[in-house]
Amino acid sequence: MDVCIREFTMLSYQLLLLLTISSFTYGFLGRKKNITVTGELNCGRNYYSNVKVELWEADTFDRDDKLNSTQTDKMGQFTVFGSTREIRNIEPYLKVHHFCKDGQHDVRCEITDRFDVPKQYQGKTYRLGLVDLSTPTKKRKTKCH
1 MDVCIREFTM LSYQLLLLLT ISSFTYGFLG RKKNITVTGE LNCGRNYYSN
51 VKVELWEADT FDRDDKLNST QTDKMGQFTV FGSTREIRNI EPYLKVHHFC
101 KDGQHDVRCE ITDRFDVPKQ YQGKTYRLGL VDLSTPTKKR KTKCH
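The sequence shown begins at 1 in this note's numbering and counts up one residue at a time.
Be aware that one or more of the hints could be misleading.
When the alpha-carbon atoms are kept at most 30 Å apart in a straight line, the in silico DSBU-like pairs for lysine-lysine are as follows [stated by the list, open to error]:
no., residue 1, residue 2
1, 52, 66
2, 139, 95
3, 74, 124
4, 143, 95
5, 101, 143
6, 52, 101
7, 101, 32
The set of hints was computed from the structure by calculation and includes no laboratory data.
Take these sequences, add in the hints, and give me the full structure.
Structure representation (structure tokens):
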């Protein structure tokens with residue numbers, strides 16, 4: 001009986017230690033980080049409405065995390081907020097999916113442009129400003145049907 005009590009006590013201490021380490025690690029290894037991005041999208045000289053805007057967070061060792069998405073309003077404006085739990089600062093970026101080619105809406109090819117968000121805007125609002133999607137970015141991807 002005495003052996004059972006000692007084993008139970010030892011197991012209880014191990015479990016308590018495991019829970020303490022897990023709680024500490026969870027709090028230590030990841031804090032909630034957030035970012036808000038606003039902007040206005042045009043296609044040539046026209047407002048570009050109903051454009052899908054996704055907020056992503058780049059990860060080094062696993063797949064990137066999609067934090068949130070939205071669509072532009074009738075004036076081409078958007079606001080997107082996202083948050084995630086990370087050890088270090090987040091590395092946010094936008095993916096904008098659209099059909100703006102040479103200043104015209106052309107559904108034959110879906111275009112995805114990537115816009116990196118400066119890390120120092122973590123916990124703040126980054127204003128992307130006015131972007132004309134007829135001007136290609138360096139990280140543009142095009143998929144034609």
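So, going through the hints one by one against the coordinates:
1. With a CA separation close to 13 Å, the supplied pair residue 52 and residue 66 stays within the 30 Å bound.
2. The suggested pairing of residue 139 with residue 95 holds, with an alpha-carbon distance near 10 Å, which does not exceed 30 Å.
3. Taken as a hint, the residue 74 and residue 124 pair is honoured in the structure, with Cα atoms around 25 Å apart against an allowance of 30 Å.
4. Distance restraint check for residue 143 and residue 95: the Cα-Cα separation of roughly 14 Å lies within the 30 Å cut-off, and the hinted pair is therefore satisfied.
5. Only pairs whose Cα atoms come within 30 Å are accepted, and residue 101 paired with residue 143 is accepted, the gap being roughly 12 Å.
6. As the CA atoms of residue 52 and residue 101 are separated by approximately 16 Å, the hinted pair is consistent with the 30 Å bound.
7. For the hint linking residue 101 to residue 32, the alpha-carbon distance of about 38 Å lies beyond 30 Å, and the restraint is violated.
Violation of the numbered hints given earlier is confined to hint 7; every other hint is satisfied by the structure.
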